[in-house]
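Peer 1: Make one complex out of these two single chains by using the hints.
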Amino acid sequence: MNLALRDIRHRLGRFLLTCFGLSLLLGIVLSMIGIYRGLVEDALTLARAPGVQVWVVEEGTMGPFAEASRIPGDTREMVARIDGVAAAGSLTFQSVEGTRAGRPLRVYVVGFEPGRPGTPSHVVEGRQITRSHYEAIADRRTGLAVGEKLRLGRHDFTVVGLTEGQVASGGDPAVFVTLRDSQALQFELQPPSARRQAARGAAETSTDTINAVIARVAADVPPERVVDTLRRWKHLSAMSQAGQETLLLRSVVDKARKQIGLFTAILIVVSAVIIALIVYTMTMDKLREIATLKLIGAADRTIIGLIVQQAVAMGAIGFGLGALLIALARDVFPRRVILQPEDGLALAAVVLLVCLLSSGLGVRVALKVDPATALGG
Amino acid sequence: MAEALVRLEGLSKHFGEGDARVDALREVSLEVHPGRVVGLLGPSGSGKSTLLNVVGCITEPSAGRMFLDGDMVYDGRWLRGDLRRLRLDKIGFIFQFHNLLPFLTSRENVAVVLHLAGVETSEADRRAGELLEYLEVAHRGHAMPAKLSGGEAQRVAIARALANRPRIILADEPTAALDSQRAGIVMDLLQKVAREQQAAILVVTHDEKVFDRFDQIFHLRDGRLAE
Chain X
1 MNLALRDIRH RLGRFLLTCF GLSLLLGIVL SMIGIYRGLV EDALTLARAP GVQVWVVEEG
61 TMGPFAEASR IPGDTREMVA RIDGVAAAGS LTFQSVEGTR AGRPLRVYVV GFEPGRPGTP
121 SHVVEGRQIT RSHYEAIADR RTGLAVGEKL RLGRHDFTVV GLTEGQVASG GDPAVFVTLR
181 DSQALQFELQ PPSARRQAAR GAAETSTDTI NAVIARVAAD VPPERVVDTL RRWKHLSAMS
241 QAGQETLLLR SVVDKARKQI GLFTAILIVV SAVIIALIVY TMTMDKLREI ATLKLIGAAD
301 RTIIGLIVQQ AVAMGAIGFG LGALLIALAR DVFPRRVILQ PEDGLALAAV VLLVCLLSSG
361 LGVRVALKVD PATALGG
Chain V
1 MAEALVRLEG LSKHFGEGDA RVDALREVSL EVHPGRVVGL LGPSGSGKST LLNVVGCITE
61 PSAGRMFLDG DMVYDGRWLR GDLRRLRLDK IGFIFQFHNL LPFLTSRENV AVVLHLAGVE
121 TSEADRRAGE LLEYLEVAHR GHAMPAKLSG GEAQRVAIAR ALANRPRIIL ADEPTAALDS
181 QRAGIVMDLL QKVAREQQAA ILVVTHDEKV FDRFDQIFHL RDGRLAE
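These protein sequences, in sequence, are chains X and V. For the first sequence, our numbering begins at 1 and goes up steadily by one. For the second sequence, our numbering begins at 1 and goes up steadily by one.
Worth flagging that the hints you see were computed from the coordinates, not collected in a lab. Yeah, the Cβ is synthetic: ideal placement off N, Cα and C, and Gly gets one too. Fair warning: there could be bad hints in the mix.
[As the list claims (entries may be wrong)] Beta-carbon label-pair distances, calculated as ranges:
(1) V:Ser149 with X:Gly261: 54 to 62 angstroms
(2) X:Leu367 with V:Glu27: 27 to 35 angstroms
(3) X:Leu16 with V:Gly184: 43 to 51 angstroms
(4) X:Ala346 with V:Arg165: 50 to 58 angstroms
(5) V:Gln197 with X:Thr373: 23 to 31 angstroms
(6) X:Met1 with V:Gly184: 27 to 35 angstroms
[To be verified] Computed far set for chain V versus chain X, every beta-carbon distance over 12 angstroms:
(7) Glu17
(8) Arg21
(9) Leu41
(10) Arg77
(11) Ser180
(12) Gln197
(13) Phe218
[Said to hold, decoys possible] Calculated pairs, EDC-like style, for lysine to aspartate or glutamate (alpha carbon to alpha carbon, straight line, at most 20 angstroms):
(14) X:Lys234 with X:Glu224
(15) X:Lys368 with V:Asp82
(16) V:Lys90 with X:Asp300
(17) X:Lys368 with V:Glu60
(18) V:Lys147 with V:Glu136
(19) V:Lys192 with V:Asp212
Same shape as in the complex, but just chain V (with noise of 0.2 angstroms):
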């Protein structure tokens, strides 16, 4: 099996001290391999959105080791300093209210990623292009966020999601806003991208409907991992 994309050793995460003082994370330990889509599970409270916020490097774990892409980044300290350039070039996010900037048409919110990374105007807006044809939203990509349906709204996440072919994919609840059949053409979509360009999606959900269509669930309880 190829490398992790996503390896955690031992990571922990509290919040507070003495009294106050809550484990959020209890020494997780988990893999996420290229290609495949893995379900983070687990009731409110349990500690995903911290873990998500973790593996995002957007939160800063309290003890334990981190490997995306095969580099190690989180060993008791950040080992790098620019993190967001970090997320920009190997993490994609995917949001429950697909989160496009309500400024931008379809086309210009994928842009916008390429266009952060340093990527030529036109080039960026070709590669766009693109990414909506890929995700079969391209006839949308003049259209406002305000203008779109809830599943091409997601769509066009996604599509933003890959701009800059990460190779790691977080997705908050990406399916909860949206019915059965537009939730399960979300979850076909992200098995299509894990497959097609070899990524490791963690997708947090309490979306029942789609609990069949992982690759690998993990159950999170009190911080705890339970696969």
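So here's chain X without its partners, still in its complex pose (with noise of 0.2 angstroms):
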């Protein structure tokens, strides 16, 4: 006879009501960790899509995530003669304020080279970009359909393809363009100023400018070979793919990883007060029948079970649930939210550690009473 699961049954709309505020409480942990996870995905989905190598960006900087990068746009072509390197793409990145149907639409703008290391590599629905100009493929998570129209700068743009789960690490999802019409978006000017600038008899700068330079190199080359060439050359500077990715962890998300992880251990340790304030006033409600079992003679081990065990259950369906509830909310939330199955599993197991060290409270408890009280009136 499971005490436990009888007085759970006796008592089950108020256990299922602290199960779901429970829940509710866990699923938000969840959902932190999620959101977190997701962040350093985002933040490396862009420098991960194009499968390279070698990075190259203007000398002295960190580009072209975490710090400005410009260098000249024919430096794809010294890069790509270089011994070792199998092939090489210009790049552009910049968030932009687009219109779509004259409503306000933020996206990071990518611009590569058709057919070179950048290309989108995965179109899931439409088609790659075929024409020189006003073609885009755009993330979904723009909302944009194949075919739809997207207003950046001063063209309207085709959508002629859709990616998944292209976004930048702000969280704006990416619409690739052509390098030209990047470059077009980025470094010309509006007429008026444009105009303003003749005027004044201002040279007229080049826009053939880029952001990075990326290299696939030779299966039988090792990069870092590849990157020690790039650094002797002194007015570029060059990191690997694991470099890149190491400084877009350690620049771009690192305080936002340490925000949501100082946040996730406070709601970790709210959880733990609540779960043992429930244990709690659960074992302080049944005190006279704690005292009647300890009367007739029910061993402590018994008393400590009901305890335990009812409050590893409320830990275990309050967990279940919030998962449940953040897996299907999941894609509500404008951010990225990735649920891995190791950061369940380390949850699971930090709920049931919580749940039988707060059990401690109103075991304590339940062992100091009296079985005289249950005599008497």
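Peer 2: Right, here's the structure in full:
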């Protein structure tokens, strides 16, 4: 006869309501972990997408994600000629406030050279860009559909393809356009400004500027060898893919990571306190029953089992329900929430531990109950 | 006469020391024999509850000797370490407000005692059913305590007290919450149990309407016994 289950059955409504409250709390903890994972994934997505091994940026900068980087457009040809480089591509990156059907849409525009490294590799709907101008591949998170128009700067772009999960570290969905279009978007002046500059007699500046060159290294060549070669060129900086990822995590998402980590730790402590209070209250509600059980001869392990099993059941149901809620609601979050099985298991283990420790308070109270309490009115 | 199931020899119990010392029991000696229902009467503060707690092995006496079912269990100190097991095997308790576990059905309330004693679930359930039948409350076996009348709840409580076939039953004001008719029925049941199961039943009560139902009455006053 399981007394814990019988007691839960007796107070089912109250128990389930408590579990539901706990599930919301644990769901928030799980979502915070998921948001952190999403943050890291978002930060790395665009850097990983091209599948390259070497990044070349402006000398003295940590670009193109952690810092601004501007290098001449012909850098790609020089990099491509280095021994060991199989292919190279030019890229530009910029945040743009576009408009879609008259409504603002913030996107992260990536300029690339079609057919070269940097070309979106996973177009899940539609096709690749085939025209030189005014075609775009947008991420699904923009909400755009194939054939829809997106205004960027002075031009309307037609969405010809869609990607999935391509976002910037800030969470803005990516839109891929040709390098020429992105350069125009980034560096060309609006006509009134251009006229003003011309009137001032300022020399026309070239727009053939890019933010980075990426290089795919031949299979038998260590990427570090290419990086070392590039570092000897004093006007450029180079880093490996691993270096770029470390930089992104260290500089771009580090503070957010610490913030979320601290918040998650606080939430776990709050959960522990709440679970302890719930278990304590549940025990206090049963003091007379516990005294009766002791009086009729129940061993301490029976009393401890009653409390601990209920605490663990509450934690398990609360966690399960919380995980289910977040799994169902994760797409509603404006930023990506990634739920990984190992994170879920780790949190489940923490919840189990918290339940066991928290029930200690209730067990302590229960073991102190005098069986004589059951006698007398 | 058969050997007494409860025998107290010069049993004393005091709380506190020095000026704060309160003598709750003063050299109490009594015997309760099998098949008898014995009343323990006295005004509030006379030591009735303390005596019940001492015989129930809940409160440790300060001096004297105590024998339960022929075994000496106290002689200046407890002679057994497993007092809860002793209670489970030898003593049944009946309370003023029945104290049924609210999360168990009537039948489960009886079976739980057997379960605690290590009896297999199906056997415990069968014996619980028999006891409820014996106390004529089997038809309420699946009812929760909150749905039982006062009389029904007290019958279930008596069934629970009998579950492990204890030789000693301690009842604390078992009729106080019942009207005269139901109080009479409960006393009839206690007498039936005492006769048929050769149990010794010690009843603490203030309830004058049941004074004439005891085989023997002990009066307690200021911790001293006066039969």
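Peer 1: None of the hints should be skipped; say for each whether it holds.
Peer 2: Here's how the hints hold up against the structure:
For the pair V:Ser149 and X:Gly261, the beta carbons lie near 59 angstroms from each other, so the given range of 54 to 62 angstroms is met. A hinted range of 27 to 35 angstroms holds for the C-beta pair X:Leu367 and V:Glu27, which are about 33 angstroms apart. A C-beta distance of roughly 44 angstroms is found between X:Leu16 and V:Gly184, which places it inside the suggested range of 43 to 51 angstroms. The beta-carbon spacing between X:Ala346 and V:Arg165, approximately 52 angstroms, falls within the hinted interval of 50 to 58 angstroms.
A C-beta distance of roughly 28 angstroms is found between V:Gln197 and X:Thr373, which places it inside the suggested range of 23 to 31 angstroms. With their beta carbons about 34 angstroms apart, X:Met1 and V:Gly184 fall inside the hinted range of 27 to 35 angstroms. With a minimum CB-CB distance of about 20 angstroms to chain X, V:Glu17 clears the 12 angstroms threshold, and the non-interface call stands. Consistency note on V:Arg21: stated as away from chain X, and its beta-carbon is indeed over 12 angstroms from all of that chain's, at 20 angstroms minimum.
Residue placement check: V:Leu41 keeps its beta carbon more than 12 angstroms from all beta carbons of chain X (closest about 16 angstroms). With a cut of 12 angstroms on Cβ distances, V:Arg77 stays outside the contact zone with chain X, its closest approach being about 19 angstroms. Look at V:Ser180: its CB is around 19 angstroms from the nearest CB on chain X, clear of 12 angstroms, so calling it non-interface holds up. Residue-level check passed: V:Gln197 sits 18 angstroms from the nearest beta carbon of chain X, beyond 12 angstroms.
Chain X leaves V:Phe218 outside its interface by the beta-carbon criterion, the shortest separation being 18 angstroms against a cut-off of 12 angstroms. Taking the CA atoms of X:Lys234 and X:Glu224, the gap is near 17 angstroms; set against the 20 angstroms cutoff, the hint holds. Taken as a hint, the X:Lys368 and V:Asp82 pair is honoured in the structure, with Cα atoms around 17 angstroms apart against an allowance of 20 angstroms. Our distance criterion of 20 angstroms between C-alpha atoms is met by V:Lys90 and X:Asp300, whose separation comes to about 19 angstroms.
Restraint check for X:Lys368 and V:Glu60: the C-alpha separation of about 16 angstroms stays at or below 20 angstroms, so the hint holds. Under the criterion of a C-alpha separation no larger than 20 angstroms, the hint pairing V:Lys147 with V:Glu136 is consistent with the structure, at around 17 angstroms. For the given pair, V:Lys192 sits about 16 angstroms from V:Asp212 by alpha-carbon distance, which is consistent with the 20 angstroms threshold.
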